[in-house]
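Undergrad: Take a look at the letters that make up each chain.
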Amino acid sequence: MASAANANLNAVRETMDVLLEISRLLNTGLDLESLSICVRLCEQGINPEALSAVIKELRKASESLKTSENCTN
Amino acid sequence: SSSITELLGTLCDCSLSGVSWKRRALGGVSKEGFRRALKRRAYDALLSKLFLDGSKVSSSGPSATAQTPPRNRVLMICFDLRVAGCREEAERLEDQLGRLPEEASSGLKEIDAVLELLVHLAGSAPPPSTSF
Numbered sequence: 001m002a003s004a005a006n007a008n009l010n011a012v013r014e015t016m017d018v019l020l021e022i023s024r025l026l027n028t029g030l031d032l033e034s035l036s037i038c039v040r041l042c043e044q045g046i047n048p049e050a051l052s053a054v055i056k057e058l059r060k061a062s063e064s065l066k067t068s069e070n071c072t073n
Numbered sequence: 001s002s003s004i005t006e007l008l009g010t011l012c013d014c015s016l017s018g019v020s021w022k023r024r025a026l027g028g029v030s031k032e033g034f035r036r037a038l039k040r041r042a043y044d045a046l047l048s049k050l051f052l053d054g055s056k057v058s059s060s061g062p063s064a065t066a067q068t069p070p071r072n073r074v075l076m077i078c079f080d081l082r083v084a085g086c087r088e089e090a091e092r093l094e095d096q097l098g099r100l101p102e103e104a105s106s107g108l109k110e111i112d113a114v115l116e117l118l119v120h121l122a123g124s125a126p127p128p129s130t131s132f
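Note that the protein sequences, when read in sequence, are chains P and S. The opening position of the first sequence corresponds to residue 1 in the working numbering, with each subsequent residue numbered one higher. The opening position of the second sequence corresponds to residue 1 in the working numbering, with each subsequent residue numbered one higher.
No wet-lab data here; the hints were simulated from the structure. Among the clues, some could well be false.
[As the list claims (entries may be wrong)] With the Cβ distance kept under 8 Å, some of the chain P side facing chain S (calculated, not the full set):
no.	residue
1	Thr28
2	Glu33
3	Ile37
4	Arg59
For every residue, glycine included, the Cβ atom is placed at its ideal position computed from N, Cα and C.
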């Protein structure tokens, strides 16, 4: 039972490593933490295209915040 | 396992990393207020896409690219990379795609959906800066 769970954990780790490398090569801008959250959202049934729109929107918002921070410095 | 609302909240927090809130609090922008606004924008983007998808399907049907399996779309990107002269990147991408297990043996339930997300986000980050 425990060895089956370990095998599954190893499979998830290896798959995540490959997905992270593909993500890096595609220049998606996702780090491991964001990618892990996205994987779980996809597993909850969120549409990938809609999720990509959410990520782009969040990036725009945080970039504008960081830009205004630089302007006030 | 977390709910969709919790996961979206964590995604919002991730996008706020690196922002200095001490100085912002003095200017009247609180972290909590901005986090709320960010979550609203996230839900707006999620829901608008949901309704847009429905109208697209009813009027013209899904496009050929949308129907292409995500693994094939990554291979199409590999082809584009080769055409652009980035042979090494194309080979590395093909290699990683070959290493990606099928859903049953990956330990993940929605591996093709994740791959589709990566295709949608491809090239959306600024290119890595080169340091001299």
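Undergrad: So, for every hint listed, does it hold in this structure?
TA: Consistency of the hints with the structure:
1. Here the hint on P:Thr28 is kept, as its CB sits about 4 Å from the closest CB of chain S, short of 8 Å.
2. Residue-level restraint check for P:Glu33 holds (minimum Cβ-Cβ distance to chain S is 6 Å; threshold 8 Å).
3. Interface restraint check: P:Ile37 against chain S, minimum CB-CB distance 5 Å, threshold 8 Å, status holds.
4. For P:Arg59, the interface hint holds, the least distance from its beta-carbon to any beta-carbon of chain S being 6 Å, beneath 8 Å.
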